[in-house]
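Participant: Sequences and hints are given; from them, build the entire structure.
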Amino acid sequence: MNTKIAIERLRLSFGKNEVIKNISINVYHNTITGFMGPSGSGKSTLISVINKMIDFEDNVKIHGKVSIDGIDILGNSSNPVSLRRRVGTVFAVPIPLPRSIFENIAYGPRLKGISGRRELHNIVEDSLKKAFLWDEVKDRLNLSALKLSGGQQQRLCLARTLALKPEIILLDEPCSGLDPISTAKIEDALNELKSDYTIVLVSNNTKQIARITDFAAFFYMGELIEYNTTDRVFTTPLEKQTEDYIQGKFG
Amino acid sequence: MIEKSLLKERFVKLVLLLFALSSLLFLFLIFMFIFSEGSPLFLKVGLWKIISGSKWAPTKGFFGIFPMIISSFLVTFGALIIGAPMGLSCAIYLSEYSGKRMKMFLKPALELLAGIPSVVYGFLGVVYIVPLVRNYLGGSGFSLLSTSIILGVMILPTIISISFDALVSVPKTYREGSLAMGATKWQTIYKVILPSAKSGILASFILGMGRAIGETMAVIMIAGNALKIPGSILDPLRTLTGNIALELSYASGDHRLALFSTGVVLMVIIMVLNYVANFGINRKIVK
Amino acid sequence: MRINPRIINKIVEMGLNIQAFFTVGILVVIVAIIFFKGFPYLNPEFIFAFPDDMGRHGGIFPSIVGTIQLALLSIVFATPLGVGTAIFLTEYTRESTFTKLIRFGVESLAGIPSILYGLFGFIFFVIKLKMGWSLLAGVLTMTIMILPTIIRTSEEAIRSVPRQLRIVSYSLSATKWETIKKVVIPAAAPGILTGIMLSVGRAVGETAAVIFTMGSSLRLPLSLMDSGRTMAVHFYILAREGISMEKAYATALVLVLSILSINVLAYYVMHKAMSKYS
Numbered sequence: 001m002n003t004k005i006a007i008e009r010l011r012l013s014f015g016k017n018e019v020i021k022n023i024s025i026n027v028y029h030n031t032i033t034g035f036m037g038p039s040g041s042g043k044s045t046l047i048s049v050i051n052k053m054i055d056f057e058d059n060v061k062i063h064g065k066v067s068i069d070g071i072d073i074l075g076n077s078s079n080p081v082s083l084r085r086r087v088g089t090v091f092a093v094p095i096p097l098p099r100s101i102f103e104n105i106a107y108g109p110r111l112k113g114i115s116g117r118r119e120l121h122n123i124v125e126d127s128l129k130k131a132f133l134w135d136e137v138k139d140r141l142n143l144s145a146l147k148l149s150g151g152q153q154q155r156l157c158l159a160r161t162l163a164l165k166p167e168i169i170l171l172d173e174p175c176s177g178l179d180p181i182s183t184a185k186i187e188d189a190l191n192e193l194k195s196d197y198t199i200v201l202v203s204n205n206t207k208q209i210a211r212i213t214d215f216a217a218f219f220y221m222g223e224l225i226e227y228n229t230t231d232r233v234f235t236t237p238l239e240k241q242t243e244d245y246i247q248g249k250f251g
Numbered sequence: 001m002i003e004k005s006l007l008k009e010r011f012v013k014l015v016l017l018l019f020a021l022s023s024l025l026f027l028f029l030i031f032m033f034i035f036s037e038g039s040p041l042f043l044k045v046g047l048w049k050i051i052s053g054s055k056w057a058p059t060k061g062f063f064g065i066f067p068m069i070i071s072s073f074l075v076t077f078g079a080l081i082i083g084a085p086m087g088l089s090c091a092i093y094l095s096e097y098s099g100k101r102m103k104m105f106l107k108p109a110l111e112l113l114a115g116i117p118s119v120v121y122g123f124l125g126v127v128y129i130v131p132l133v134r135n136y137l138g139g140s141g142f143s144l145l146s147t148s149i150i151l152g153v154m155i156l157p158t159i160i161s162i163s164f165d166a167l168v169s170v171p172k173t174y175r176e177g178s179l180a181m182g183a184t185k186w187q188t189i190y191k192v193i194l195p196s197a198k199s200g201i202l203a204s205f206i207l208g209m210g211r212a213i214g215e216t217m218a219v220i221m222i223a224g225n226a227l228k229i230p231g232s233i234l235d236p237l238r239t240l241t242g243n244i245a246l247e248l249s250y251a252s253g254d255h256r257l258a259l260f261s262t263g264v265v266l267m268v269i270i271m272v273l274n275y276v277a278n279f280g281i282n283r284k285i286v287k
Numbered sequence: 001m002r003i004n005p006r007i008i009n010k011i012v013e014m015g016l017n018i019q020a021f022f023t024v025g026i027l028v029v030i031v032a033i034i035f036f037k038g039f040p041y042l043n044p045e046f047i048f049a050f051p052d053d054m055g056r057h058g059g060i061f062p063s064i065v066g067t068i069q070l071a072l073l074s075i076v077f078a079t080p081l082g083v084g085t086a087i088f089l090t091e092y093t094r095e096s097t098f099t100k101l102i103r104f105g106v107e108s109l110a111g112i113p114s115i116l117y118g119l120f121g122f123i124f125f126v127i128k129l130k131m132g133w134s135l136l137a138g139v140l141t142m143t144i145m146i147l148p149t150i151i152r153t154s155e156e157a158i159r160s161v162p163r164q165l166r167i168v169s170y171s172l173s174a175t176k177w178e179t180i181k182k183v184v185i186p187a188a189a190p191g192i193l194t195g196i197m198l199s200v201g202r203a204v205g206e207t208a209a210v211i212f213t214m215g216s217s218l219r220l221p222l223s224l225m226d227s228g229r230t231m232a233v234h235f236y237i238l239a240r241e242g243i244s245m246e247k248a249y250a251t252a253l254v255l256v257l258s259i260l261s262i263n264v265l266a267y268y269v270m271h272k273a274m275s276k277y278s
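Protein chains in written order, with this note's numbering: chain C, 1 to 251; chain L, 1 to 287; chain D, 1 to 278.
Rather than coming from a laboratory, the hints here were simulated on the basis of the structure. Relax, there's no trap hidden among the hints.
Derived DSS-like pairs: lysine-lysine, alpha-carbon spacing no greater than 27 Å straight-line:
#, chain 1, residue 1, chain 2, residue 2
1, L, K55, L, K228
2, D, K176, C, K52
3, D, K272, L, K100
Remember, predicted model here, so these are calculated numbers, not experimental data.
Facilitator: Below you can see the structure in the form of structure tokens.
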């Protein structure tokens with residue numbers, strides 16, 4: 001199994017508050033890896049390190065190494081703009097840009113310099129199909145994205161990310177506000193996508209992790225407690241904490 | 001590629017920084033030029049002589065602006081006497097009594113009132129208020145009274161909007177608590193809300209004063225042009241602003257310098273007023 | 001003898017009602033007087049003709065042009081400066097002594113009365129920089145005058161753009177400036193436009209600062225160095241010299257109508273764009 005993202009001995013603190021305590025983990029190529037754990041365990045912060053959105057926070061101290069395809073991304077020589085073209089993010093609350101569906105998806109490609117109408121249309125169609133949203137909106141691409149339902153908006157956000165043709169897709173609790181049908185659609189999309197992308201899914205929903213991930217990592221209070229294939233973590237967890245969490249004894 | 005975009009970002013930040021500094025630059029320029037034109041006369045003739053002198057005949061060497069200073073304050077207080085009660089009542093009405101529809105109607109109306117140019121106020125004052133005062137109260141009509149009336153109306157929007165902000169920022173719980181104890185609405189306003197909004201309301205008065213003391217066009221049209229301190233509210237007067245506006249176009253030499261000295265005095269007074277409004281009182285406002 | 005507080009309450013409520021209507025009434029009266037007295041003399045000839053005999057006859061065309069030139073050019077200069085300052089204060093710095101200093105500068109500029117702007121513009125632009133009474137001197141002075149308003153309203157508009165929008169843009173690989181240009185400014189546009197229109201209204205109605213910088217020539221300003229009149233200045237001179245009551249009222253009507261329509265337009269833009277983005 002090739003390693004796509006390698007995190008080595010990562011420590012991160014906001015001021016005096018240590019949020020990530022010496023985490024080392026390898027995320028493998030073309031898999032869906034689940035990051036699970038109760039609130040405050042550091043999983044979202046971990047995501048923000050991988051996509052370098054952590055740069056926008058103040059008072060952050062980071063030690064350790066994070067590399068993608070073997071190349072370090074934490075240092076100053078790493079350009080956040082080109083990184084974020086390779087690492088796409090879907091956030092918990094869908095935030096469409098106040099423009100049409102088409103323009104939402106075309107936003108990223110336009111930044112890359114793509115301006116041909118036909119090329120953009122192809123990208124938009126391709127991305128919407130991959131996000132399982134094309135059929136519902138193909139006749140109204142010029143409609144304002146704000147008019148879509150919550151589930152549709154989240155799939156729009158996924159399509160938006162796919163339009164940049166990233167290698168890695170990070171999703172931070174993407175289904176947290178969605179109904180089961182929308183959740184299922186997104187999970188189906190992710191299943192289809194994993195053959196071409198490396199996917200990290202942060203979720204508080206252990207059943208979702210069990211459903212669709214290949215590897216599962218359990219985080220607690222800034223530490224990595226257990227990491228293995230999803231099968232093993234859920235059927236024969238090595239740590240008591242993991243077992244308790246999966247069984248819902250806390251979280 | 002990376003360097004190019006980084007350079008562009010740095011360039012943008014630099015340009016915007018310069019834009020932001022321009023405000024300070026302009027302020028500095030304004031201060032510097034008005035003070036540098038106004039100070040020489042203070043040094044030559046004497047600051048005290050100018051500020052306390054009662055005779056203004058600049059072509060003959062008399063630069064006393066004391067009557068103008070007094071007159072400026074008089075119209076300002078006059079404007080406050082007229083505008084503050086009306087303005088405060090309006091603000092209370094808006095915040096405590098009016099419904100949503102009324103608010104939607106009154107707020108644009110207030111902005112419109114604020115948007116009417118001062119020359120129009122001055123004109124209407126000359127055509128309607130001045131004859132009224134002349135016919136019913138005496139004098140020429142061009143008087144402290146007429147000026148105060150017009151200025152009072154002009155500062156209404158300022159007083160109303162700032163007092164309104166102060167009143168609505170009083171927590172709802174204060175009102176509810178008072179009413180729950182059996183007080184009437186007015187008692188609640190009088191005993192609870194007004195004291196709580198006191199500093200904001202005061203700030204609105206002071207800002208209204210700042211506006212009134214800096215007002216020029218309406219004042220020179222209505223106040224008459226007397227160089228003496230007005231003996232009664234029916235007497236004409238000249239304010240600091242009027243002093244500058246009425247003579248600037250034909251003044252030269254020391255005369256012109258004296259107008260700048262007048263500007264310096266005006267500037268100092270307004271700076272003090274603004275300081276009191278923004279820092280002295282706002283410290284008490286719990287934001 | 002204690003009067004029943006409930007009676008006092010009722011009386012006060014009635015009084016305040018009257019008070020509020022009275023205040024609105026003042027506005028209505030003002031607009032009504034100007035309208036009814038000025039309307040009879042308002043005709044296309046008035047708008048497009050040149051003034052004759054110092055304004056006793058003819059129209060106010062040069063001063064309309066002068067007003068438009070002054071207002072438009074001032075906006076052209078003040079908008080980039082003002083919006084740029086607002087962007088800098090909100091996006092490129094955190095609150096610090098430096099930002100407080102800049103804000104102090106802006107607030108101070110806002111507090112300076114127009115006659116002092118006239119004084120400054122006169123000594124600096126007209127005399128020292130040898131521009132003479134000119135459109136350019138007027139524009140430069142007016143630009144500084146309206147700058148604080150544009151900065152204030154722009155800053156408020158930019159600050160109210162939700163943080164999440166910026167985060168989304170960054171996550172899609174946009175740089176800071178790209179985010180500002182493509183997401184923040186368009187979202188803040190209604191508020192910024194409102195500030196601009198308020199400033200136009202101010203420029204149209206301003207007299208004291210204009211008369212000592214742009215002058216009061218009756219000619220049509222054809223270049224930046226030409227002197228000219230704005231409607232407000234023309235109106236003031238008509239009134240002060242007692243030249244013509246009818247023309248004065250008519251000019252006042254055009255003045256007030258212009259400012260009124262600008263205000264209405266500002267509101268319309270605000271509401272229309274707000275509904276589009278929410």
